[in-house]
Every structure is written in structure tokens, then in C-alpha cells.
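Trainee: If you read the protein sequences in the order shown, they are chains A and B. Position 102, counted from 1, in the first sequence is what our numbering calls 290; the numbers after and before it change by one each time, with no gaps. Position 330, counted from 1, in the second sequence is what our numbering calls 518; the numbers after and before it change by one each time, with no gaps.
Please keep in mind that the hints were generated in silico from the structure rather than gathered at the bench. Note that the coordinates shown come from a computational prediction; the quantities given were computed from them, not determined experimentally. All C-beta atoms, glycine included, are put in the ideal place defined by N, C-alpha and C. Each hint should be verified, as a subset may be incorrect.
[To be verified] Label-pair distances were calculated between CB atoms; the ranges are:
{"id": "1", "chain 1": "B", "residue 1": "Asn412", "chain 2": "A", "residue 2": "Glu445", "range": "46 to 56 Å"}
{"id": "2", "chain 1": "A", "residue 1": "Tyr405", "chain 2": "B", "residue 2": "Ala379", "range": "52 to 62 Å"}
{"id": "3", "chain 1": "A", "residue 1": "Thr487", "chain 2": "B", "residue 2": "Asn412", "range": "42 to 52 Å"}
{"id": "4", "chain 1": "B", "residue 1": "Gly353", "chain 2": "A", "residue 2": "Ala626", "range": "31 to 41 Å"}
{"id": "5", "chain 1": "B", "residue 1": "Asn412", "chain 2": "A", "residue 2": "Gly513", "range": "52 to 62 Å"}
{"id": "6", "chain 1": "A", "residue 1": "Lys621", "chain 2": "B", "residue 2": "Glu572", "range": "33 to 43 Å"}
{"id": "7", "chain 1": "B", "residue 1": "Arg268", "chain 2": "A", "residue 2": "Glu555", "range": "36 to 46 Å"}
Spelled out from the first residue to the last, the chains are:
Protein chains: 2
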Amino acid sequence: MIPLPRQYTPLEGTLDLTALPFTGPPAIAELLAELGFPVAGEWIADNTFGEEAYWLRADQSGLKVRGRLSGLRWAVQTLRSGTASAWQSCEIHDAPRYSWRGSLLDVARWHLPIEFLHRYVDLMALHKLNRLHLHLTDDQGWRFEVKRYPRLTTVGGFRRESMRGHYYNFAFDGTPHGGFYTQHELKNLVAYAKRRGVEIMPEIDLPGHTQAAIAAYPQIGFENVEVSTMWGIHDQVLNTKDATVEFIKHVLDEVVEVFPFEYVHLGGDEVRSLQWQHSPAAQARADSVGDLLGWWIGTLATHLASHGRKTAVWDELLDADPPEGLLFFGWRDVTRAPAARAAGYDAVSCPHEHCYFDWSEGFRPGEPTAINGFVPLERVYRFEPGEVTGVQGQLWTEYLPTPALVEYRAFPRLAALAEVGWSQAPKDFAGFKDRLRAHLSLLDSLNVNYRPVD
Amino acid sequence: MIPLPRQYTPLEGTLDLTALPFTGPPAIAELLAELGFPVAGEWIADNTFGEEAYWLRADQSGLKVRGRLSGLRWAVQTLRSGTASAWQSCEIHDAPRYSWRGSLLDVARWHLPIEFLHRYVDLMALHKLNRLHLHLTDDQGWRFEVKRYPRLTTVGGFRRESMRGHYYNFAFDGTPHGGFYTQHELKNLVAYAKRRGVEIMPEIDLPGHTQAAIAAYPQIGFENVEVSTMWGIHDQVLNTKDATVEFIKHVLDEVVEVFPFEYVHLGGDEVRSLQWQHSPAAQARADSVGDLLGWWIGTLATHLASHGRKTAVWDELLDADPPEGLLFFGWRDVTRAPAARAAGYDAVSCPHEHCYFDWSEGFRPGEPTAINGFVPLERVYRFEPGEVTGVQGQLWTEYLPTPALVEYRAFPRLAALAEVGWSQAPKDFAGFKDRLRAHLSLLDSLNVNYRPVD
Numbered sequence: 189m190i191p192l193p194r195q196y197t198p199l200e201g202t203l204d205l206t207a208l209p210f211t212g213p214p215a216i217a218e219l220l221a222e223l224g225f226p227v228a229g230e231w232i233a234d235n236t237f238g239e240e241a242y243w244l245r246a247d248q249s250g251l252k253v254r255g256r257l258s259g260l261r262w263a264v265q266t267l268r269s270g271t272a273s274a275w276q277s278c279e280i281h282d283a284p285r286y287s288w289r290g291s292l293l294d295v296a297r298w299h300l301p302i303e304f305l306h307r308y309v310d311l312m313a314l315h316k317l318n319r320l321h322l323h324l325t326d327d328q329g330w331r332f333e334v335k336r337y338p339r340l341t342t343v344g345g346f347r348r349e350s351m352r353g354h355y356y357n358f359a360f361d362g363t364p365h366g367g368f369y370t371q372h373e374l375k376n377l378v379a380y381a382k383r384r385g386v387e388i389m390p391e392i393d394l395p396g397h398t399q400a401a402i403a404a405y406p407q408i409g410f411e412n413v414e415v416s417t418m419w420g421i422h423d424q425v426l427n428t429k430d431a432t433v434e435f436i437k438h439v440l441d442e443v444v445e446v447f448p449f450e451y452v453h454l455g456g457d458e459v460r461s462l463q464w465q466h467s468p469a470a471q472a473r474a475d476s477v478g479d480l481l482g483w484w485i486g487t488l489a490t491h492l493a494s495h496g497r498k499t500a501v502w503d504e505l506l507d508a509d510p511p512e513g514l515l516f517f518g519w520r521d522v523t524r525a526p527a528a529r530a531a532g533y534d535a536v537s538c539p540h541e542h543c544y545f546d547w548s549e550g551f552r553p554g555e556p557t558a559i560n561g562f563v564p565l566e567r568v569y570r571f572e573p574g575e576v577t578g579v580q581g582q583l584w585t586e587y588l589p590t591p592a593l594v595e596y597r598a599f600p601r602l603a604a605l606a607e608v609g610w611s612q613a614p615k616d617f618a619g620f621k622d623r624l625r626a627h628l629s630l631l632d633s634l635n636v637n638y639r640p641v642d
Numbered sequence: 189m190i191p192l193p194r195q196y197t198p199l200e201g202t203l204d205l206t207a208l209p210f211t212g213p214p215a216i217a218e219l220l221a222e223l224g225f226p227v228a229g230e231w232i233a234d235n236t237f238g239e240e241a242y243w244l245r246a247d248q249s250g251l252k253v254r255g256r257l258s259g260l261r262w263a264v265q266t267l268r269s270g271t272a273s274a275w276q277s278c279e280i281h282d283a284p285r286y287s288w289r290g291s292l293l294d295v296a297r298w299h300l301p302i303e304f305l306h307r308y309v310d311l312m313a314l315h316k317l318n319r320l321h322l323h324l325t326d327d328q329g330w331r332f333e334v335k336r337y338p339r340l341t342t343v344g345g346f347r348r349e350s351m352r353g354h355y356y357n358f359a360f361d362g363t364p365h366g367g368f369y370t371q372h373e374l375k376n377l378v379a380y381a382k383r384r385g386v387e388i389m390p391e392i393d394l395p396g397h398t399q400a401a402i403a404a405y406p407q408i409g410f411e412n413v414e415v416s417t418m419w420g421i422h423d424q425v426l427n428t429k430d431a432t433v434e435f436i437k438h439v440l441d442e443v444v445e446v447f448p449f450e451y452v453h454l455g456g457d458e459v460r461s462l463q464w465q466h467s468p469a470a471q472a473r474a475d476s477v478g479d480l481l482g483w484w485i486g487t488l489a490t491h492l493a494s495h496g497r498k499t500a501v502w503d504e505l506l507d508a509d510p511p512e513g514l515l516f517f518g519w520r521d522v523t524r525a526p527a528a529r530a531a532g533y534d535a536v537s538c539p540h541e542h543c544y545f546d547w548s549e550g551f552r553p554g555e556p557t558a559i560n561g562f563v564p565l566e567r568v569y570r571f572e573p574g575e576v577t578g579v580q581g582q583l584w585t586e587y588l589p590t591p592a593l594v595e596y597r598a599f600p601r602l603a604a605l606a607e608v609g610w611s612q613a614p615k616d617f618a619g620f621k622d623r624l625r626a627h628l629s630l631l632d633s634l635n636v637n638y639r640p641v642d
């Protein structure tokens, strides 16, 4: 069983879960129906439980599950890990270690089909991951429909061509690529995810990583550009004119309408703009690039607060005199999220060395091109995040143009991270690998294109 | 013995090479003296031999060596691989497979001490490598003194700070770095190398990779910039004004004075300039970025030809309607150099997958940060270049700030590449590893910081 429950006690015999009558909250009945998972039993919503915690007992007298609705949803996923018609009798007390167990999916570098996002949410839920961080905009594509600024997607959603092979090869495929998600599609995705206990945090990356937006609306940047056809860190940044600030506020007004989650992620990473350094307007705003970054995030965080929303950012902001109440994502190394926590912020840990699943897992012959190497399964499993708000696995997609490749990079590493985020048991990699065998059979039954274990 | 001679016949007994009188060309006497290697024998310059070929016989009657001077020099290096006072009697017929056996050293990303360049040339010669490709200029530093344009080094040779850890970490060290080589220093290096049979090809990378030059002389670029503090592909490019062309010609006039080698490398890689696309002046020169690149190289190749020099370029130029007579360096993959050969050009093969020694050799704990992974020793050894002018190992130094790290990445992979370039024997990796043990003892005696073999 992955992730490992807090307490699992096997009992004598097995039980046919499919043969039982169902009583319980309609939300659970709907979820079971939507999953095509005909288990039943007595499901009791019980708000004396903590968030996401549940208790489950399957024995000769039947199946009983208790917990808040958020916990009952995870009990459903626990039951998917066994054979419904011959469930091992057992008793489980379960609750997560961390409240944020996330997965970042970059749909900006390649536009992934909306149907795949549904499937991906489903696979996250199976692993009791509860936060999808959807990276919607970047230099190479803008995927979020903004009704007030249609060129963001009609122009910014499409690029002339893409890099072929690794960035270091400096070769191009000559093939246009693009696409975007309508607000309607995304609202459906949000609802679908919510039914599974997964919240979606949108990311609108700014003031860097905005070349696609600037290609669509040059007045918000410094020069005429095209939607980028290259990977790597780019020089383009938003200018600091009042009209640009207003433009971005209008964009965020539509973002919060589509995504009800309490956080909006504003990026703030990888900014070191020469353009700002030479811009009198930017110099009038702040003394340094760092301060300017802080000014941008502070201004927009205030705007989001007027919508009742909070702001998430990458760890660079910690050096930029950050406003209160930000949620930090510590990506550059294992120390960043704890440092943000020490400075009084909530912080999710997603450092390269344990959590960058776009990095190669190993070096078998025929291994697909990866941005860098390597993050083997064991290193993910052995990640010890410490006192943070949670953990998150990152799937940047420069080298993952297809759903099949996303799944290859995600699994089984995301299963290991799910266990890091959920379980408090002492690390036992051999035991994990044992349990992984059964888990991979479950993934096989769902046709997941996971990477075979070395 | 690495690289493996074409034909090696062991004979009975050993010989004390240090006890013999010396007769032969003064150049060889000087080389032996300069190496502090007191072997002697009868050395006969014989121009009936091919370039770089030699014959050597050490037996009870003494040591005899024949060949052109270029071959006698390699015989000296062959003798260094044994114990001079107890040399195994033998007969050797030897000649290289390829005429170009190169090593690229990037002194632009980090300024390496001139003393280390002397040592590095020495280590190249030990491996019978005969071409040092010196990458002197890039976005992060300009290292070649140009008397007419002193700011190229006084400004362009220094940067405010450098990246700390991997590029992907987006962290900076806050420490200025810089330096350059005077023409006097470089002329000394050229002479030192020539005495060892090593020619130095300078590279002035343009029209991209010129941010340091543009920082020094903004009139040759499109905007005000600083010497770059970041790794990765940059947007800055030379503008196409007549005055800029003249500027570069003046630079090349000084380059050819310092470097007598027949080739000057002009780069031409990784250009995809948005600035050109929006520049009326550039559009007046050519229709496309590719054509503009061809125009630049054609113009400067003509200028170099007026000095009696030929032009070398990276493989991108093959798509840019290249002028005749270029020497191509095929870096993006194994097909590039053969493609250039098929198009009628000379071409050196230095593809990522076999020849990028800045890539990680393996993943031991504590392995230093590398730009990417991985190029293991065996993959270097098994490189089959085909019908090309030669092979070359690449040491880009973004992640190699010190001589010790350069040596760690260079060796023993450069030894494997030396064998690829020199030897025609069938591949036998187990045999190579056997011979490598003795070779590493030789490197030990020279305090080379090679990476231990896995």
C-alpha cells in the first residue's frame, strides 16, 4: 500500500466490498460511481477527525469508514489499492504528515491535452496527493484564456517551432506548436479535481518568464519579441508602467474567477533583468532588481488579497523584502523552504535534488532526453523535508512533450514522494520497493506509462 | 601504453635510456631537456616518413628513433610512458589515424592561470594530442588582449559575479571574477606548445556569444549590457553596421599576429537573434538569421584569407550557405562532422555524447556539479568517428572554475579520446582499462587530478 498508512492492522480473512450495500455521504457515492469502483459499506462523515484523516475497518461484519469528507475521499483511494472483491480484512488509522502534497505540471512548455489533465488529477488522487500546481504561462506559451486580452492565447499560445533534442544541441524542429485551455475547460477540471480532494493552484509566472505574453501585447514589455522557441532562462520581463500593472491585475481578476483555491502562484523566479537595470521607469520604482521584484509581488499580492486570495511565490522572493503571508516554494535546494519557514512563512519544499522529476531517473540505454540528471527513485524516497508545510514534485515539460513521457517521468517517483508527504514511518527503501511491486500492478491496470524500476 | 601504437613488438630484456649518448636534431634535445627527461639514443630526422609517424627500436644495441620531426616528438612522449632507466626493449611502428586530435579549453567562462595552460599543453602532448582549441571569448568574459581596443579586456574581461552551483539553481556568488592574457603571454604559450607538437587554434566566438565585448563597446551591439553573470545561451549579438565589421577585422588582425596556426575559429554557434529579426540594418544585409550568419562568416573568412588564414566554425554554419574552405566542428551530434565532410568540407567530430568532458562522467557521491550528464569513459572509448578530419574533446568551463576541476573532467576521458584519435586497433575496452592502470600511475607522477576509474 503506497503511501503507507499511519497504522495498518491485518485481520483474518477477506471481504467482498462489491457485495455490500452503501450508506454514507452522497459525495462519496458520486466519487465511487465516477471512479467506476463499485465498493460500498458504511461511510460516516465525522468532523471530530482531523482534516484528511480517516479510520477504516474491513472485517466479517463489513466495511466501516469514518472521517471528515476529506478523509473519506482518501479512504476511497486506499481501497483502490486492493482487490475490491477480495479485500484483505484490516483496520487502518490514517492521516497525512503534511497538509500540502503537491505535483507541479508545466503545461506552458508543451500544451498537454485537457483530457490528460483529468487523468493526471486522477493519478494524483490515487497517491493521496492533494495539490496540483498548474504552471500555465511561460516564455514558450500562454495557456490560460483571458477574455479581456484574447491575444494572450491566440498569439501567446502558439510558437513557430520548438527545440529538437536537448537544449545543448541547439537544433529546432520547424514545426509550429500551441494550444490553450478555455476558462470553461479549466472550471470543469477544477470541479473534477475537487471531487477527488485535489485543489488546483494556478501559476501565472511573472515578471520574468513572460515572453509569450509580451509577444502578444508588446506594450507590457520592453521590445518586440516572438513566443520563444528556445528553452532556458530568458531576458524578457514586464515593464513597470502603470498600464502594465493594470493589465496584469485584469488577468488575475479572471484567474481568481476560474480557480477558487486560496492561493494564486505568481512565480517571481529567475529574474535578473538587464532591461530593468537600464529602465528609468523601473529605477523610479525601486533601487535594485531585487527590490523591483519585491515591489511587483507586493503590489499584486495586495490586489489578490482584495479578492480574498493569498499569494504563492518561488524562493527567490525571500531575498526581495517579501510582504507577509506569502507561501514559498523552495526549489533551489533543500535549505530554501526551511529558511522561509524560519522567516515566518508557510513553505513547500520541492528541491531539485529530490523533487525535480523532469530530471533523469537513471541512464539505461534508450532513456529519453532529460533536462539534467539525475534524481533516482531512492533519492526521492529518502527525502527528509523537515518542518515545512509540505512537499511537491516538479514536472517541467521542456523534454516532456507527450502525456506518455510525463507519466514516464512522474512514476514511480511521484509514488515515492507521495509516501514522503503522507507517511511518518521510518525510511525503509527495501520495504518500499516490495510494496511498489503491487503498486505498479495497480498502475498497470490503469495503463500508466511508468518507468520500470532498475 | 596510451594511445596504443600502431604496431608494438616487445623484445627480450630492458634498456637504460638515461645512460646513452644523444645524437639527433637540436629540437629533440631541447624538448628532452625542457621535459626534464634525460633519455638519449640515436634520433634521425627522416622525411620519407609521413607526418607524425615514427619508428622506434630499443634493444641491447641501444635506442634508435626515426621519423619526421613531428614524429620524433611523439616518440619522446611514447618513451615517457615507461621507466627511462629500465625501458622494455621493443620495436614500434607508429602513426596517427587522424591528423586533428584536439582538445577545446574554454578560458572565457573562467579565466584559468596562464601557468595552467602550459601544464595543460604538456598533458595534451603526453597523449599525442596536437591541437589546442582555445575558446578565448564569450558572454561571460573576453580574455584576449587587443591593443587597439583595450576595454575588451579591462571591461570585458571582468564580471560582477558568477553563478553558484548549477545554472538551474539560479544562485549567485556575489564575487567579481576576471582576468585576461596579454599577447606576450599567449605568444610564449604558442611557442611552448609548438615545441611539443601542439598547435593552438584561437576562437573568437561571434556574432553571438559576444555579450562581454558588447559590454565593453556598446556600439557593436544593440543595447547596453554588462558582462554576463549567467550561464546559458544569450540573446546579445553583434549588430551589422560597417563600423562593427571593421572593429572585428581589427580584432582579427591582432589575433593572427599572436597565433600563427593556419586556422582561426570564428564560432558562429547558437545564434537565433530576435534583435537581428527586428533590425532594419540586418534585414538589409540578408533575408534571414541563417543568411546573416553566413554573411558574417563569409565576410570575415575573406578577411582572414587576406592574411593567409583559414576559418573554422561550429556546425550550425552548414545550414547557412557556407563559403568554401571552412573547417567544421560537428558538436551537436555524431552526424554533423560526417555531414560537413559529405558537403565537401574538412570536419572535426566532437559530439556531445562522446566528447563533452564538461558533462558528468558518473554519479558517485560528492561528484562535482556538471552542466549535464553523462559521458562515461567507455562511451568516449567506443566513439567511432568515421571518415572525418579528426576528433576533439570539449572542456567548457561553466562548472570548472579551477585547474583541479579541469583535470578531473579531462582525465582519464581525454586519454580514451587520444586513443580514438591516434589508434586504429579494434576496440577493446577491457584491454584499454588494463593499460589505463599504468597510464594513471604516469598521471600520478605528474600530480594530475584525474577522476578515479569506476
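Trainee: All hints are to be evaluated individually against the structure, with a verdict given for each.
Mentor: Hint check:
no.: 1; hint: Asn412/B - Glu445/A: 46 to 56 Å; in the structure: violated (41 Å)
no.: 2; hint: Tyr405/A - Ala379/B: 52 to 62 Å; in the structure: holds (59 Å)
no.: 3; hint: Thr487/A - Asn412/B: 42 to 52 Å; in the structure: violated (27 Å)
no.: 4; hint: Gly353/B - Ala626/A: 31 to 41 Å; in the structure: holds (39 Å)
no.: 5; hint: Asn412/B - Gly513/A: 52 to 62 Å; in the structure: violated (37 Å)
no.: 6; hint: Lys621/A - Glu572/B: 33 to 43 Å; in the structure: holds (38 Å)
no.: 7; hint: Arg268/B - Glu555/A: 36 to 46 Å; in the structure: holds (40 Å)
The structure fails to meet hints 1, 3 and 5 from the earlier list, while all remaining hints are met.
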